[in-house]
Amino acid sequence: MLAMNYRGPYRIRAVHKPEPEIEHPGDAIVRVTRSCICGSDLHLYHGMVPDTRIGSTFGHEFTGVVEEVGSAVQHLKPGDHVLVPFNIFCGSCYFCQKELYSNCHSTNPEATAVGGIFGYSHTAGGYDGGQAEYVRVPMADVGPTVIPADMDLDDAVLLTDALPTGYQAAEMGDIREGDTVVIFGAGPVGIFAAKSAWLLGAGRVIVVDHVDYRLEFVRSYAQCEVIDFKQVGDMAIHIKKMTDGLGADVCIDCVGCEAAGNFAQTLLGVKLKLQGGAATVLHWCINSVRKGGTVSIVGVYGPTFNAVPIGNAVNKGLTLRMNQASVKRHLPRLIEHIQAGRLEPRRVISHRIDLRDVADAYHIFSSKLDNCIKTVLVPPGMVRETTTAAASL
Amino acid sequence: MNMPDPSNTRSPSPSHAHIIGWGADLDPAMRPAYPKERTPPRLPHPVEPPEQQHSHAEVLHSTERPGITPIFGSTLPPSGLSGRLRRVAFRHSENDLRHWLMLLLADRVQMGEGLIEDISRGHVPNVYAEMGGRAELRHNPMGAARKAAIGVAVLALVAMAFKGRRRTRRLRG
Numbered sequence: 001m002l003a004m005n006y007r008g009p010y011r012i013r014a015v016h017k018p019e020p021e022i023e024h025p026g027d028a029i030v031r032v033t034r035s036c037i038c039g040s041d042l043h044l045y046h047g048m049v050p051d052t053r054i055g056s057t058f059g060h061e062f063t064g065v066v067e068e069v070g071s072a073v074q075h076l077k078p079g080d081h082v083l084v085p086f087n088i089f090c091g092s093c094y095f096c097q098k099e100l101y102s103n104c105h106s107t108n109p110e111a112t113a114v115g116g117i118f119g120y121s122h123t124a125g126g127y128d129g130g131q132a133e134y135v136r137v138p139m140a141d142v143g144p145t146v147i148p149a150d151m152d153l154d155d156a157v158l159l160t161d162a163l164p165t166g167y168q169a170a171e172m173g174d175i176r177e178g179d180t181v182v183i184f185g186a187g188p189v190g191i192f193a194a195k196s197a198w199l200l201g202a203g204r205v206i207v208v209d210h211v212d213y214r215l216e217f218v219r220s221y222a223q224c225e226v227i228d229f230k231q232v233g234d235m236a237i238h239i240k241k242m243t244d245g246l247g248a249d250v251c252i253d254c255v256g257c258e259a260a261g262n263f264a265q266t267l268l269g270v271k272l273k274l275q276g277g278a279a280t281v282l283h284w285c286i287n288s289v290r291k292g293g294t295v296s297i298v299g300v301y302g303p304t305f306n307a308v309p310i311g312n313a314v315n316k317g318l319t320l321r322m323n324q325a326s327v328k329r330h331l332p333r334l335i336e337h338i339q340a341g342r343l344e345p346r347r348v349i350s351h352r353i354d355l356r357d358v359a360d361a362y363h364i365f366s367s368k369l370d371n372c373i374k375t376v377l378v379p380p381g382m383v384r385e386t387t388t389a390a391a392s393l
Numbered sequence: 001m002n003m004p005d006p007s008n009t010r011s012p013s014p015s016h017a018h019i020i021g022w023g024a025d026l027d028p029a030m031r032p033a034y035p036k037e038r039t040p041p042r043l044p045h046p047v048e049p050p051e052q053q054h055s056h057a058e059v060l061h062s063t064e065r066p067g068i069t070p071i072f073g074s075t076l077p078p079s080g081l082s083g084r085l086r087r088v089a090f091r092h093s094e095n096d097l098r099h100w101l102m103l104l105l106a107d108r109v110q111m112g113e114g115l116i117e118d119i120s121r122g123h124v125p126n127v128y129a130e131m132g133g134r135a136e137l138r139h140n141p142m143g144a145a146r147k148a149a150i151g152v153a154v155l156a157l158v159a160m161a162f163k164g165r166r167r168t169r170r171l172r173g
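The listed protein sequences derive, respectively, from chains A and B.
Using our numbering, read the first sequence as starting at 1 and increasing by one per residue.
Using our numbering, read the second sequence as starting at 1 and increasing by one per residue.
Since the hints were derived computationally from the structure, they do not count as laboratory data.
Here the structure is a predicted model, which means the values were calculated and not measured.
A couple of the hints might just be wrong.
[As the list claims (entries may be wrong)] Cut-off 27 Å, straight-line C-alpha distance, at most; resulting in silico cross-link-like pairs (DSSO-like, lysine-lysine):
(1) B:36 <-> A:316
(2) A:291 <-> A:230
(3) A:271 <-> A:291
(4) A:273 <-> A:240
(5) A:291 <-> B:147
(6) A:291 <-> A:273
(7) A:230 <-> A:273
(8) A:98 <-> A:17
(9) A:368 <-> B:147
(10) A:241 <-> A:291
(11) A:273 <-> A:368
(12) B:163 <-> B:147
(13) A:271 <-> B:163
(14) A:271 <-> A:368
(15) A:230 <-> A:368
(16) B:36 <-> A:98
(17) A:316 <-> A:368
(18) B:147 <-> A:230
(19) A:316 <-> A:240
(20) B:147 <-> A:273
(21) A:230 <-> A:240
[Stated by the list, open to error] Label pairs and their calculated CB-CB ranges:
(22) B:80 <-> A:271: 20 to 30 Å
(23) A:344 <-> B:117: 39 to 49 Å
(24) A:25 <-> B:63: 26 to 36 Å
(25) A:271 <-> B:138: 20 to 30 Å
(26) B:116 <-> A:339: 49 to 59 Å
Backbone N, C-alpha and C define an ideal beta-carbon position, used for all residues, glycine too.
Working from the sequences, and respecting the hints, build out all of it.
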C-alpha cells in the first residue's frame with residue numbers, strides 16, 4: 001500500500017509498504033478515505049518530538065471504511081464508514097473510567113504522560129498513522145464512530161482532532177457570559193477555538209497571529225477581532241489596553257512549541273532544543289490574562305521542560321487548564337452543532353492533495369505557502385471533492 | 001482629588017445576535033467535558049478491559065510502568081546504533097532528562113542510518129523532492145531562487161577553501 005514515510009527532519013516521501021494486519025482481537029483494518037495534516041504533525045516533521053523513528057507513517061486525523069475486524073469486535077462491521085478519534089483508548093482503565101480518554105493508561109507502553117495516538121512517534125505508542133491507504137485501528141469497538149450518512153466527509157475528518165481540540169480549548173477556559181477571550185494562533189485549532197468561544201457565550205473573541213491571510217480568514221469565518229503580533233510592541237500591554245486595563249478573562253494557547261515572536265525563546269527552544277520548544281505563547285497567556293483568570297493550553301510542547309513565568313501565575317491567582325482533547329466525549333454535541341448549522345468545519349480546508357504528493361503537501365502547510373490553512377490528503381482512487389459519507393461508498 | 005481608576009471597570013459587552021449559535025453551550029450542562037472527570041463514561045457500548053496483545057517485535061516500555069500495556073504499536077522496533085541508544089534511554093525514567101535527550105540523539109543517528117540503508121539498497125534519495133522542492137518552486141519561486149543562490153554560494157565557499165588548503169600543502173611540500 002501507499003503510505004507517507006518519514007526520513008528525518010523536513011524529509012518525507014510516499015512509499016509502498018506492507019498492508020497492516022490484525023494484531024489483536026479488538027483491532028480493525030480501515031481503508032482511509034481522508035487524512036489531514038495537523039499542525040502538531042509539523043512538530044514531528046521538524047524533528048521536535050523525541051523517538052520519532054525513521055520510516056514512521058504519521059497521521060492522526062482520518063476517516064475510512066472498515067475492511068476487516070478482529071474476532072472480539074462486536075459493534076463495527078466491514079463497510080462501515082467511520083471517523084477515528086486521534087486518541088487510542090481502552091475505555092476501561094482508571095482514566096477512561098473518568099472520561100479522560102486522552103490520558104488512557106492501557107495503550108502506550110513507551111510513556112505514562114500521554115496516551116496512545118495514531119502516527120505520533122513512539123513517545124505516543126509507536127502506532128502507524130492514517131496518512132496511508134490502510135491503517136490498523138486498535139480498540140475498534142471503543143474509538144471509531146460511524147459517520148452519519150448525511151455528513152460531509154470533510155466535516156467528519158475534522159471531528160477526529162482539530163474541531164474537538166479547538167472546542168475543548170475553549171471549554172477548559174471555563175468561559176462565562178460576556179467574557180473576553182484571547183486565542184493565540186490562527187491555525188485550524190485556534191480558528192475552531194474562536195468559533196467555540198462564541199458557542200460558550202463569550203463577549204469578545206480576539207485572535208492573535210502574524211500570518212496575514214490566516215488573520216483575514218479567522219476575522220471573517222469566526223467574526224472575531226484580530227491582532228497581528230508583529231504590529232504590537234508588547235503583547236501584555238496591548239491586551240490590557242484593549243480590556244480596560246484588566247487583562248483578558250481567558251487566554252488560550254493554540255500554538256505550542258514552535259511559536260514565533262521571541263528570538264530568545266525560538267533560539268533556546270526550537271533551534272537549540274534546550275527546552276521543550278519556545279514558550280513564547282505561554283508567557284503571553286500568563287502575562288495577558290487578568291488576575292483570577294484562566295489559561296487554557298492545547299498547544300503541544302516537548303516532554304522536557306519550558307521556562308515559563310510561573311511566579312506571575314501564582315501571584316495572579318490563575319487557573320491553568322490543559323490536556324489533549326478527549327475526542328470521543330465531544331462527538332455527540334459537536335455532531336449536533338454541525339447538523340444544526342452552528343459549525344461548518346470544512347470551510348477551513350484550503351488544500352486537497354493526492355497522497356502521492358505528500359512531501360509537497362507537508363512543505364506547503366509547514367511554510368504556509370499558497371494561503372494554506374488546512375490540508376487534506378486523499379489516497380489515490382478516493383473521491384476528492386466534498387461529498388457525504390454515504391455517497392462516497 | 002482621586003481620579004476614578006478606569007482599570008477597575010469593564011465595558012459592557014455588545015450584542016451577539018449576529019453570531020449563529022452564540023451561547024448555545026452557555027449552560028455548563030451542555031458542555032461535553034463538564035465536569036472534567038465524569039464517571040461512568042458515556043460510551044455507546046459497555047467495555048471490558050482489553051486482553052493482552054502479543055507481538056514478536058521488541059517494544060520498549062517506560063520504567064514508570066510495571067510492564068507492557070495491553071495494547072501497543074509494534075512498528076519499527078529498535079535496531080542498529082540508534083536502537084542501542086534507545087534501549088539505554090529506556091533505562092531512565094520519563095522524569096530523567098537523559099531519557100529524552102538520548103532519544104533525540106537516537107533520532108539523529110537513525111537519520112544517518114536511513115541514508116546508509118537507502119544507498120545500500122541502490123536508492124539515492126531525492127532530497128529535493130522529499131523536502132517539497134517542487135511545491136517551493138511552484139508557490140514561492142523567489143524563495144526557491146534565494147535558497148538555490150545561498151546553496152551555490154556555500155558550495156563555492158567550501159570549494160574555494162578546499163582549493164586554498166591544497167595549494168598551501170603543495171607549497172609546503
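Distance restraint between residue 36 (chain B) and residue 98 (chain A), which requires alpha-carbon spacing of 27 Å or less: The given pair, whose Cα atoms are some 8 Å apart, holds under the 27 Å limit.
Pair hint outcome, residue 241 (chain A) versus residue 291 (chain A) [Cα-Cα no greater than 27 Å]: With a Cα-Cα distance of about 15 Å, the restraint between residue 241 (chain A) and residue 291 (chain A) holds, given a limit of 27 Å.
Agreement of residue 271 (chain A) and residue 163 (chain B) with the hint, judged by alpha carbon distance not exceeding 27 Å: violated (32 Å)
Hinted pair residue 230 (chain A) and residue 240 (chain A), Cα distance within 27 Å: Given that 27 Å is the threshold and the Cα spacing comes to 17 Å, the pair holds.
Hint consistency between residue 291 (chain A) and residue 273 (chain A) [alpha-carbon to alpha-carbon, up to 27 Å]: Violated - the C-alpha atoms of residue 273 (chain A) and residue 291 (chain A) are around 32 Å apart, more than 27 Å.
Holds or violated: residue 36 (chain B) to residue 316 (chain A), with C-alpha atoms at most 27 Å apart: The given pair, whose Cα atoms are some 23 Å apart, holds under the 27 Å limit.
27 Å limit on alpha-carbon distance, applied to hinted pair residue 316 (chain A) and residue 368 (chain A): violated (36 Å)
27 Å Cα cutoff - pair residue 271 (chain A), residue 291 (chain A): violated (33 Å)
Hinted pair residue 230 (chain A) and residue 273 (chain A), Cα distance within 27 Å: holds (24 Å)
Holds or violated: residue 368 (chain A) to residue 147 (chain B), with C-alpha atoms at most 27 Å apart: With Cα atoms ~17 Å apart, residue 368 (chain A) and residue 147 (chain B) stay inside 27 Å; holds.
Hint consistency between residue 147 (chain B) and residue 273 (chain A) [alpha-carbon to alpha-carbon, up to 27 Å]: Given that 27 Å is the threshold and the Cα spacing comes to 24 Å, the pair holds.
Whether the CB-CB distance between residue 80 (chain B) and residue 271 (chain A) falls inside 20 to 30 Å: About 27 Å separates the Cβ atoms of residue 80 (chain B) and residue 271 (chain A), which means 20 to 30 Å holds.
Checked against the numbered hints given earlier, the structure breaks hints 3, 4, 5, 6, 8, 13, 17 and satisfies all the rest.
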